[in-house]
Structure formats: structure tokens, C-alpha cells
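Chemist: Sequence:
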Amino acid sequence: MSLKIDQAFIESFINANFGLEIAYQNLPYEPTANIPYAELLNIPNDITALDLNDTNETDGLFRVILRYPAETGAITPKTKAEEIMAHYRIGSSVSYSGQSARITAVSRQAGLVEESWYVTVITITYRAFIQR
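Residue numbers for the sequence shown follow my numbering, beginning at 51 and rising by one.
Worth double-checking, as some hints may not be accurate.
[Stated by the list, open to error] Have a look at the derived ranges for each label pair, beta carbon to beta carbon:
no., residue 1, residue 2, range
1, Ala-99, Glu-164, 32 to 42 Å
2, Leu-91, Ile-140, 15 to 25 Å
3, Arg-139, Thr-105, 17 to 27 Å
4, Thr-129, Ile-72, 16 to 26 Å
5, Glu-89, Gly-123, 18 to 28 Å
6, Pro-119, Ser-143, 31 to 41 Å
7, Arg-139, Gln-159, 15 to 25 Å
8, Pro-119, Thr-154, 30 to 40 Å
9, Pro-78, Gln-181, 33 to 43 Å
10, Glu-164, Asn-103, 41 to 51 Å
It is worth saying that the hints were derived from the structure and are not from the lab. We treat Cβ as the ideally placed atom computed from N, Cα and C, and that holds for glycine.
Build the full structure now, drawing on both the sequences and the hints.
Modeler: Dropping the structure here:
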């Protein structure tokens, strides 16, 4: 159930072709110097019964963590963040293998320098209905 939601967001990010390398969860990744990349993370909430029949409800956060080389300015990562946020506009949805999730909010945190990277976190909030 939540695995399909994970896959829906990952597949939609890949298919959008944002031109970034992707560091996948629990797979080895060694960043290339001076090459920006994105980390993708789904943070699901509890699954609860929506009704007494056959539908559950969940919500959660899909996070895109952008890493750009530090000391190269903030305009390029902010521009990329805006591009990603426009792709996941409020009211749109992503789907995978019959499971969809509707986007309910999108936000970008202020960038910060972490080691040799300028990090910007995009949070995409979603809601999904799951058949039991």
C-alpha cells in the first residue's frame, strides 16, 4: 500500500526528467564533485480506516532533498526547487499500479550549507485512499 505510494512518487520524479542524479534509499551512492543531485524520501503517516467497508486513508510527506555544490550561489538550486514544486502542484496526483496519492501542499525550506553542499529541502504533502 504505502510501497505503491513510494513508487508513485519515485517514478513520477524520474519521468519528469529534472536533470539531476538521484541518490536512492538504501543503495550505495557516491556524489560526484560539483554535480548536483537529489535524495528522495517518503515519510508515510499511519493508515487508518476511512469507513466500515473497504477504504483506508493515509497521508504523508514526500521529500526531495536537493544538494548543490556549496559556494556557487542560491539561484540555481532555488530555480530547480521551483521547477520541482511546479511539477507537484496542489490538487494534482501521482499513481502507481492502481494506487494514487493527491498533492495537498508543497513547500521549500531555506537552503543551508552542509559540508560541501548547499541543501534545499522540498516537502510535498499528500493524501491517499487505500482499498483494503
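Chemist: So, for every hint listed, does it hold in this structure?
Modeler: Hints, one by one, checked against the model:
Between Ala-99 and Glu-164 the CB atoms are about 40 Å apart, so this pair conforms to the stated range of 32 to 42 Å. For Leu-91 and Ile-140, the hinted distance range of 15 to 25 Å is satisfied, since their beta carbons lie about 20 Å from each other. Evaluation of the 17 to 27 Å hint for Arg-139 and Thr-105 yields a pass: the beta carbon distance comes to about 25 Å. Checked against the hint of 16 to 26 Å, the C-beta distance between Thr-129 and Ile-72 comes to roughly 18 Å, which is consistent with it.
Range check, Glu-89 to Gly-123: Cβ separation about 21 Å, and the 18 to 28 Å hint holds. For the hinted restraint 31 to 41 Å between Pro-119 and Ser-143, the CB-CB distance of approximately 34 Å keeps it satisfied. Taking 15 to 25 Å as the suggested C-beta distance range, the pair Arg-139 and Gln-159 conforms, at roughly 18 Å. Here the CB-CB span from Pro-119 to Thr-154 is close to 33 Å, well matched to the stated 30 to 40 Å.
Evaluation of the 33 to 43 Å hint for Pro-78 and Gln-181 yields a pass: the beta carbon distance comes to about 35 Å. For Glu-164 and Asn-103, the Cβ-Cβ distance of about 47 Å falls inside the hinted range of 41 to 51 Å, so the restraint holds.
In this structure, none of the earlier numbered hints is contradicted; all agree with it.
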